[in-house]
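Given the coordinates of chain A, assemble chain B onto it according to the supplied hints.
What follows is the residue order along each chain.
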Amino acid sequence: MTAAKPRPQTPDRTIPIVRKHHALVRLTHWANVPLLFGLIATGLAIYWAAPVFKHAPDPVTGSRDYVADLGIAITRLTHDDGGDPAKWVYDRFSLGTGQLAGALRLHWLLAYFFMVNGVLYVVGLVAGGGWRALLPRPSDLPDALAMIRYYLGVIPHAITRKPWPHPPVRSKYNALQRGAYFTMPLIGALVVLSGWAMHKPVQFGWLERLFVSYDGARIVHFGCMLVLGSFVVPHVVLVIADGFDTFRSMITGWSLRVRGAGHE
Amino acid sequence: MSKRPARPKGPSLFERFAERPETSEPASERGLRRQSRRDFLLFGLGAAVAAAGAWWLLPDKTKARVLPWAHDRLDTLAARVGLSGANRERLLDGALTFDDDVAEALYSKDRKVRTYARSEVTPLKPNYHGQAPLPESLTNWSLELSGLASGRTERLTLASLAELGIMRREQVTRLVCVEGWSAVAQWGGYAFADLLKVFPPAEGARWAELRSEISRDAQGRPEPYFVSLDLATARHPQTLLATHLGGAPLPLAHGAPLRLVAPVKLGLKNIKAVTRIVFQAEEPRDYWNLRGYSKYDGL
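Line by line, the protein sequences are chains A and B.
Mapping of the first sequence onto our numbering: position 107 corresponds to residue 107, and the numbering continues sequentially without gaps.
So the number in our numbering is just where the residue sits in the second sequence, counting from 1, plus 1000.
Excised from the complex, chain B in its bound form:
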């Protein structure tokens, strides 16, 4: 039996990660004082910049509440050095656009939303921004499609939609609201992608504007709701034009007679009671984007 030669022992894992003993070094006292002065001045400058920046970025409502007696004067001072409200909005909109670009870069058209079993359905809050449309507004309801390759404007009713020969689909997916809550619901309807096969959009169209002309505000006055939707999302296999919720026709509060269900987007893109879809090359306006929210809203 030959003895195995002892392996040269390297440092153990503990030794390799061990803290090194502190070593002192000589330094000129005057040099240290000079460096210390410089660093404390930089620190003070940084603190002042942070304070000014924080004041600048605070929403006006918050400023008025925090310093009711001085916020106007401080804002005037801040605006003199370029920290104006308009510049603030530009910066924050820039942050929002950057975040949207990140979201779009993350997006994969093949990535499916998780689907659930019917037993996993949870209560779904209607969360209409204003009041739900009046029942009367549904009697003459039709879905108008324009910006099509055919150059025509199509007007569809639930009956004519059913006659197009598009396969009906059922899916149990989750709706995520920008407010932070989420709910699982069972949807039935047509894949948006299938409708686009029957009515292809005009060449060069990258966007769809979906509108609800029968939407109402909190006081019950007519207030159109509109969202922008990129056609990549419209063609996502789980993007539906839904007519049913929980196996029954959509109630008024949930967007009767037809709504968008785009589970890859936040709830606010999932427009209810759609009356018009316009396909176009330029990005359309979006109701909540005009009110300071993202216009991409990808999940």
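Just chain A, with the same shape it has in the complex:
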């Protein structure tokens, strides 16, 4: 018997890394994906039962609900003949129509997890010192405009093959990122507060008054849902554009991008 030949191993190297995100921040960041997905799907199914954005019944479709109208308009544009046009949006973005009881139970379950998740996220921000990178600063407005200008120019300059340098960034996030990452936790807090205002409008009467009225809280809750949902698209696009290192840093916590070593 011969001993197994040791596999040739590349010699280990020491490389510089930057610690980016606390483990709790990473965990809660990813937990938000299924939680928000479920909260929106159940929330819209609850919304179906009594829309807050409504109008007098349409003489043709009989619809009173702007969300149903949107479905009707989309099916008309796409010549979609399958299913009830008024249910188009609810069937695609929610649990579906006529499932209020099930949607409510699931919404409460996920909402409690979402609140716990939010608290853990803040704990992670404090424990890892990450909160400092999120705070707005006076230079944010001009820097954010410079970033928007940069993003608008990326594709034209790529086509014309002209150089288009990235504006200098001397902090963890650029001003646009910082604005978004600072706002999202606030929207998260607002969606929870408006949720409680609707859920317990008697015991939390002061909270309901903060949103002016019961329907005020419903409108804010719906608006927060739209903001949280529409944040995802540019977020994912920009992470892909930024490269694998950014994505990996949200899973492993470290980055190979050391400032002053090539990357701005």
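Rather than coming from a laboratory, the hints here were simulated on the basis of the structure.
Note that the structure is a prediction, hence the values are computed from the model and not measured.
No residue lacks a Cβ here, since even glycine has one placed at the ideal position from N, Cα and C.
Fair warning: there could be bad hints in the mix.
[What the hints assert, rightly or not] If we take Cβ atoms under 8 Å as the criterion, some of the chain A residues that face chain B in the derived model are:
(1) T14
(2) S249
(3) T252
[Unchecked claim] Selected chain B positions facing chain A (Cβ under 7 Å, derived; list incomplete):
(4) E1019
(5) E1022
(6) S1024
(7) F1043
(8) L1045
(9) A1054
(10) D1099
(11) L1106
(12) E1179
(13) W1181
(14) S1182
(15) V1264
(16) G1292
(17) L1299
Chain B alone, transformed into the frame defined by chain A:
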């Protein structure tokens, strides 16, 4: 004039909250690769668990619509690892009970519901689950009270109720429906608490079951409606046994001749056309709780 000694300057607010410059640290490349592998595996595991959990928690109706060709097979697979429909119901009922417990902990018997001016009244949708009771069912109407300290069963009519000497009350409060709409209405009637003073419940009673035997389903067939009400809510100063809406006797669609108005509870607890109230120690069944809604419904 003596010069004030210069105070030693601490860091300014901006400096204290300022972002610290990123510092790099040396790390073993092999160690990083190992850690990266572990973290990506954990990430994949988490994603798989989330996907399985999401499938498990979806209502059957939604599953059948989303994946009509595979939902049965996926459900069979999920049930093998314990993600069965029965377990799902248990978890979701648990979430509902937890939320009810939170609501009960928040409840304060002294906390009043906001009252409105009469000018703030809004249209009130009848929203009967089925059809409203038939006018004939009101001719022999009476309210039966049982589970009383006296051990008797009382049978009250609107006339005998009026003779009890209970002060009539008026209040303009809001009804909040589980569906999400709300409406302000002017109610008139008797405080439930006052009736409980005249007819105290038996010792140990913590609950009331309120029933409407004249309720009907959507096809017009008789279908009793029943709610559970904790006596703390029954004794809340704004909980009424209402006989009037907007200054006029209750119409059939709004629960003639007598209904519960408990503004600290969702509309579905505000049972219309009450015919029986039973006081008891155990929590009674509740019509909408049997259909998957909360049984506490506190606002």
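Taking the hints in turn, this is what the structure says about them:
1. T14: A/T14 check passes; min Cβ-Cβ to chain B is 5 Å, inside 8 Å.
2. S249: violated, 11 Å
3. T252: Result: holds, 5 Å to nearest chain B Cβ.
4. E1019: At about 5 Å, which falls below the 7 Å cut-off, the nearest Cβ of chain A leaves the hint on B/E1019 intact, so it holds.
5. E1022: With a closest approach of 5 Å, the B/E1022 hint holds.
6. S1024: holds, 4 Å
7. F1043: At 5 Å from the nearest chain A Cβ, B/F1043 passes the 7 Å test, so the hint holds.
8. L1045: Not OK, violated: B/L1045 not within 7 Å of chain A, min 12 Å.
9. A1054: holds, 6 Å
10. D1099: holds, 5 Å
11. L1106: holds, 4 Å
12. E1179: holds, 4 Å
13. W1181: holds, 4 Å
14. S1182: holds, 5 Å
15. V1264: The hint holds - B/V1264 has a Cβ within 7 Å of chain A, the shortest such distance being about 5 Å.
16. G1292: For B/G1292, the interface hint holds, since the closest Cβ of chain A sits about 3 Å away, which is under 7 Å.
17. L1299: Because about 4 Å separates B/L1299 from the closest Cβ in chain A, which is inside the 7 Å limit, the hint holds.
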